[in-house]
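Student: Here are the chains, one letter per residue:
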Amino acid sequence: EQQVQQSPASLVLQEAENAELQCSFSIFTNQVQWFYQRPGGRLVSLLYNPSGTKQSGRLTSTTVIKERRSSLHISSSQITDSGTYLCATLGANTGKLTFGHGTILRVHP
Amino acid sequence: DPKIIQKPKYLVAVTGSEKILICEQYLGHNAMYWYRQSAKKPLEFMFSYSYQKLMDNQTASSRFQPQSSKKNHLDLQITALKPDDSATYFCASSQTGVNQDTQYFGPGTRLLVL
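Those protein sequence lines, which keep their order, are chains A and B.
Each step along the first sequence adds one to the number in my numbering, with nothing skipped, and position 6 is 6.
Each step along the second sequence adds one to the number in my numbering, with nothing skipped, and position 71 is 71.
The hints are simulated quantities; they were obtained by calculation from the structure and are not laboratory data.
You may find that some hints are simply not true.
Simulated crosslink set (SDA-like; lysine to any residue; CA at most 25 Å straight-line) [said to hold, decoys possible]: (1) B:Lys7 <-> B:Asn30; (2) B:Lys9 <-> B:Asp84; (3) B:Lys9 <-> B:Glu24; (4) B:Lys9 <-> A:Ile104; (5) A:Lys54 <-> B:Tyr104; (6) B:Lys9 <-> A:Arg42; (7) B:Lys41 <-> A:Lys54; (8) B:Lys9 <-> B:Gln58; (9) B:Lys71 <-> A:Ile104.
Now the in silico label distances, taken between C-beta atoms and shown as ranges [what the hints assert, rightly or not]: (10) A:Gly57 <-> B:Val12: 17 to 25 Å; (11) B:Lys40 <-> A:Ser26: 34 to 42 Å; (12) B:Gln95 <-> A:Gln22: 40 to 48 Å.
Cβ coordinates follow ideal geometry from the N, Cα and C atoms, glycine included.
Let the hints inform the model, and build the full structure from the sequences given.
Tutor: So, in structure tokens, the structure goes:
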């Protein structure tokens, strides 16, 4: 059973459109971290969100721990936003991140 | 993050051999981690270390052994390599190993076992 589920699996946008990525988790956590994985594999930390809403530039993450879900909103998408977006939950006291399969985003001109 | 160095970038090994994957971080962090990413699988947690002590081990096999010679080093020794070990191995670090810390990832070592 996949403990962290992400949807959609893939998403295609026209440049300047907005995107909403979803993450749900079946395991207990008190923190969700969103990552961007570049084609070629490098992971970049985007937002870490214990709860509520956090914003960084065009990215907004909203986490509702009690409902075991988080979302990542990307506004005014750009071609360079293309890649894989990963949601991960942080385990208690061990630092273990449990990842979802990711959402593959493609932004076209 | 350019301050987390993993060496080598690519590695080809033969079945049954032994390899060491190197990880160094220059972020001043006290916790370090190893993750593995195989084809069609999500990133999987392997180990976590805090202040050079093992916090968590989620690998089923003793063929995978982390080695921490310095606070900012956490190498991964893999013995008796198998083709199933082919994956990209990522090292990460955070300020401490407790909840609340953002983890930062290195560029990965891509291992191919023939």
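Student: A range of 34 to 42 Å was offered for this pair. Does it hold for the Cβ distance of B:Lys40 and A:Ser26?
Tutor: Given range 34 to 42 Å: violated, Cβ gap about 20 Å.
Student: In this structure, is the beta-carbon distance linking A:Gly57 and B:Val12 contained in 17 to 25 Å?
Tutor: Violated, since A:Gly57 and B:Val12 (Cβ atoms, about 39 Å apart) do not stay within the stated range.
Student: Check the following: the C-beta atoms of B:Gln95 and A:Gln22 are separated by a distance inside 40 to 48 Å.
Tutor: violated, 29 Å
Student: Below or equal to 25 Å on CA atoms is what counts here, so check B:Lys71 against A:Ile104.
Tutor: Judged against 25 Å, a Cα distance of about 36 Å means the pair is violated.
Student: For a C-alpha distance cap of 25 Å, please report whether B:Lys9 and B:Gln58 respect it.
Tutor: Since the Cα atoms of B:Lys9 and B:Gln58 sit roughly 24 Å apart, the hinted pair holds (cutoff 25 Å).
Student: Verify the proposed pairing of B:Lys9 with B:Glu24, using a straight-line Cα cut of 25 Å.
Tutor: holds, 13 Å
Student: Take a quick look at whether B:Lys9 and A:Arg42 sit within 25 Å of each other, Cα to Cα.
Tutor: holds, 11 Å
Student: Is it true that the CA of B:Lys7 sits at most 25 Å from the CA of B:Asn30?
Tutor: holds, 20 Å
Student: B:Lys9 and B:Asp84: Cα distance at most 25 Å?
Tutor: Holds, because 19 Å separates the two Cα atoms, which is no more than 25 Å.
Student: So if I understand the rule, the pair passes when the alpha-carbon distance is 25 Å or less; does B:Lys9 with A:Ile104 pass?
Tutor: It holds: about 24 Å lies between the C-alpha atoms, which stays within 25 Å.
Student: Regarding the pair A:Lys54 and B:Tyr104, is the alpha-carbon distance no greater than 25 Å?
Tutor: holds, 18 Å
Student: Given the hint that B:Lys41 pairs with A:Lys54, does the C-alpha gap stay at or below 25 Å?
Tutor: violated, 28 Å
Hint violations for this structure: numbers 7, 9, 10, 11, 12, all remaining hints satisfied.
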